[in-house]
Amino acid sequence: MIDGLLGHLETLFLVLFAGGAVAGGALMIVLRQPMRVALALISTMLCLGAIYGLLGVHFIAAFQVLIYVGAVMVFMVYVIMLLDVRDPSYAGRFSRLLVPGIAGAAALLGVLVYAAWPDLAGLARPSGAATFGLREFSATFLNEYWLHFELVSVLLVAAVVAAIAVIKVNRGERG
Amino acid sequence: MHLLLPVSLALFSLGLLGVIVRRNVLVMLMCMELMLNGVNLSLVTFARQLDSAAGAVLVFLIFVVAAAEIAIAIPIVLLLARSKRTLDLAAYTDLKG
Amino acid sequence: MEFLTLIVVLPLVGFVLNGLAGDRLGKRFVTVVGCGLPILAFLVTVKCTVALAAAGYAPLTETVYTWAVIDDRAFEVAFYFDRLAAVMALIVTGVGSLIHVYSIGYMKEDRSYARYFAYLNLFLFFMLLLVLGRSLLVLFVGWEGVGLASYLLIGFWFEDPDKARAGKKAFITNRVGDAGFLLGMFVLYATLGTLEMDEINAAFMGSPAPAVSASLVGVLLFIGASGKSAQIPLHVWLPDAMAGPTPVSALIHAATMVTAGVYMVARLSGVYLHAPEASQLVAVIGVLTAFFAATIAVVQTDIKKVLAYSTISQLGLMFVALGVGAYGVAIFHLYTHAFFKACLFLGAGSVIHALSGEQDITRMGGLAKRIPLTFVTFAVATAAIAGLPPLAGFFSKDEILWFALASGRGGSILLWGAAAFTAFLTAFYMFRLLWLAFLGTPRMDARTVQHVHESPPSMTGVLAVLAALSAIGGFFALPHFLEPMLPLPEVRTEAHPFETPLVVVSVALALAGLAAAAFLFSSNGARAARLSPRFAALHRVLSGKYYIDELYDRAIGRPLQWISERLFLGIGDRLLLDGSLNGLAALAQRAAGVLGRIQTGSLQLYALLMLLASVACLLWIWRHV
Chain A
6 MIDGLLGHLE TLFLVLFAGG AVAGGALMIV LRQPMRVALA LISTMLCLGA IYGLLGVHFI
66 AAFQVLIYVG AVMVFMVYVI MLLDVRDPSY AGRFSRLLVP GIAGAAALLG VLVYAAWPDL
126 AGLARPSGAA TFGLREFSAT FLNEYWLHFE LVSVLLVAAV VAAIAVIKVN RGERG
Chain B
66 MHLLLPVSLA LFSLGLLGVI VRRNVLVMLM CMELMLNGVN LSLVTFARQL DSAAGAVLVF
126 LIFVVAAAEI AIAIPIVLLL ARSKRTLDLA AYTDLKG
Chain C
62 MEFLTLIVVL PLVGFVLNGL AGDRLGKRFV TVVGCGLPIL AFLVTVKCTV ALAAAGYAPL
122 TETVYTWAVI DDRAFEVAFY FDRLAAVMAL IVTGVGSLIH VYSIGYMKED RSYARYFAYL
182 NLFLFFMLLL VLGRSLLVLF VGWEGVGLAS YLLIGFWFED PDKARAGKKA FITNRVGDAG
242 FLLGMFVLYA TLGTLEMDEI NAAFMGSPAP AVSASLVGVL LFIGASGKSA QIPLHVWLPD
302 AMAGPTPVSA LIHAATMVTA GVYMVARLSG VYLHAPEASQ LVAVIGVLTA FFAATIAVVQ
362 TDIKKVLAYS TISQLGLMFV ALGVGAYGVA IFHLYTHAFF KACLFLGAGS VIHALSGEQD
422 ITRMGGLAKR IPLTFVTFAV ATAAIAGLPP LAGFFSKDEI LWFALASGRG GSILLWGAAA
482 FTAFLTAFYM FRLLWLAFLG TPRMDARTVQ HVHESPPSMT GVLAVLAALS AIGGFFALPH
542 FLEPMLPLPE VRTEAHPFET PLVVVSVALA LAGLAAAAFL FSSNGARAAR LSPRFAALHR
602 VLSGKYYIDE LYDRAIGRPL QWISERLFLG IGDRLLLDGS LNGLAALAQR AAGVLGRIQT
662 GSLQLYALLM LLASVACLLW IWRHV
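Protein chains in written order, with this note's numbering: chain A, 6 to 180; chain B, 66 to 162; chain C, 62 to 686.
The shape of chain A in the complex, shown without the other chains:
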């Protein structure tokens, strides 16, 4: 029985964390205060990290937590703390486009799931290959995908330039 349970444990955890992610996403839409929304997002991201771990891509799980939660969301939380103003967006959470938005999103979800449904059964259990071990992954990454890596570094340069530009604008406004 334990074996049966253990065999299903993975699935159980998967379902649990998936549900947690979706719940976090849903809460994001509904909660009023931005700080709480940020916390919901953090919880979603952590659940996703757990899912990645369950799937076996451990380094991605690690990066998920490190970069997304540790850098992006921390930055976000700082800004919320800086800027949390009680302005009309606090009183009225939703824009004018609530109903059309819900309808559109539901339609999108419906179409996508319905389209993907026949193929879902084909998503078999993952293979046990060790492609996603860190060593193998790094080798593949820097051997075959070095070009993409370099291109992204160009993007990062652009980001740095943009940051400097923003500072200049900032300075210019101040005086």
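It is worth saying that the hints were derived from the structure and are not from the lab.
You may find that some hints are simply not true.
Claimed, not checked - These stretches of chain B come out as covered by chain C in the derived footprint (C-beta under 8 Å, 3 or more residues): (1) 107–117; (2) 153–159.
Claimed, not checked - Computed far set for chain C versus chain B, every beta-carbon distance over 12 Å: (3) Ala-115; (4) Phe-542; (5) Gly-662; (6) Gln-665; (7) Ala-668.
Just so you know, these numbers come straight off a predicted model, no measurement behind them.
Built from N, CA and C at the ideal position, the CB exists for glycine as well.
Position chains B and C relative to chain A; hints supplied.
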């Protein structure tokens, strides 16, 4: 495993809904992050299923880009909020007409 | 040497030279080219006539070029010179040249001197095309061309809107007639397969008779002729055409263009000989026109209008002759009429010139002593038109009256009676004109009286020549000359004894007219003025020209205008065309307005729209791919 794809689709849709529906600009940014996460999940799912490293590489790069993006987006929003003196998206209508 | 072509082309060269370069090269150049070329054409015509006579009057033909070849039928531009064509060509070029010479003096001060001679030469070109053409097609080109030249010359002083309108009226009335002409041509071509006039005549004269009713063709062609020759009901343009310069009135609306209809019927005598109904129609319309025009002329006060109605009346008499089968006699009257009517018109021009523009005969008088040459020539021509022997008009008019009574092809006493009464009226109103204009005491103001002067020799010389021709022209027995090709109709046996008495009656009528005019209109028309209140109603109707213009305006003009304005302008143009175009533009604007509301500046709306669009794309892909 066949659960994860709908989950990622749901996360993406919820993120898009949040972008359209919420009035606070910071919340909107966070919903965009949610969309990215949904996409990441679908990429990882497929990478695992097809045993391809390409998906994982893409996820990796998305992390990088997302971080850079948020690093620039937040200051922009800051400046915008300071000039408009509000975080309400209804006030940001300079693109009108 | 292609002499016939040369006759036609010489005036065309004049038109081109004067039209293009006349203004720049000065009056002398224009005069030499404008008058010299018609005179040259006249000389060539004389030469061709001599050649014709030498060839025993066998018709000369010249094919200039093949205009079109459709299937296996060829349309050629060819000229045909026989007795009739010779007579017509001599009249056109001869009288035409004289009037060109007269115009030198008359139009000397006009600033559009070159344009005038260019148009006059153009007219001559088209008239010669008409007269010398072998096929109905070439004749029709000439027909339309003289209509064009007439329009250009009537509206010569186009800055005056009334004159321009007169030109339009002439052209449009002509076109109505031309519709009948075209239909006649179509019928002829469809049944006979040819438009060459000599072949048409041969087809109708020979046997078996063609499958088409000759009367139908005759009536259709006559509609065209009545438009060009100002017969009822298409006569309304000719009095208005007096708005043009007087030499134009003389040439086009007296001597040559208006006779084109007479020429055409005479040329197609083969058809009309076999079309008794059509001939009867021609005779009846002719005599009605002659009568009505004469009655109107009796009360006209403009010197040129009197002559215009006189022309209509004389043309009517020509058609009477054509209607009873006396084609040669009609041409004879055409020939004498050309002389005396041209002389009368040019004399009127001389009077107008002397009085510095006065045209109202109630304001003339006492000119006989002051402009004697004009008076003498005018008197001779008046006597000729009245039919006093031995002047030309007497011979031609007497022949017409004789055949109106005696012709075996429709002559009757009724016809004769109407024509004879018309002859009396003709003498009456012409002598009325002479008395009121030239005799009595001057009724103009003293300053005009002082300025009265005789016209220059270029004008009086022409008057003298024409008066001489009016006097002696009748002695050339034209009907006899044309008899080999236009045989005279048989005379009814019961009419034979009336031949000599008729001549006496004709002379008596002319003298009676003279006497009546002298009685009523001497001493400045005092007796006429006393009598006129008794006939006030009749006078009003006649002065109003039987209100035919008003009738046309009410019955045709106004409905057409209403249709144009309400239907075509209001509904068709404004509602449909403008409406659809403006509607399209308004639609585009409204659509743009609606679509413009999408750009609210709200990012969330843009995101929503992108979402909806991607859903739609996905649905489409899902369904179709």
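12 Å Cβ clearance of Gln-665 (chain C) from chain B: violated, 5 Å
Stated coverage of the stretch 153–159 of chain B by chain C [criterion: 3+ residues, CB within 8 Å]: holds (count 5)
Assertion that Gly-662 (chain C) lies outside the chain B interface [Cβ separation over 12 Å]: The assertion about Gly-662 (chain C) is violated, with a minimum of 3 Å to chain B.
Separation of Ala-115 (chain C) from chain B, once the least beta-carbon distance is taken, above 12 Å: holds, 95 Å
Outside-interface status for Ala-668 (chain C) - nearest CB in chain B farther than 12 Å: violated, 5 Å
Check of the stretch 107–117 of chain B against chain C for coverage (Cβ-Cβ below 8 Å, three residues minimum): With 0 residues closer than 8 Å to chain C, the stretch 107–117 of chain B misses the three-residue bar; violated.
No chain B beta carbon within 12 Å of Phe-542 (chain C)'s: holds, 93 Å
In the structure shown, a violation is registered for the earlier hints numbered 1, 5, 6 and 7, in ascending order.
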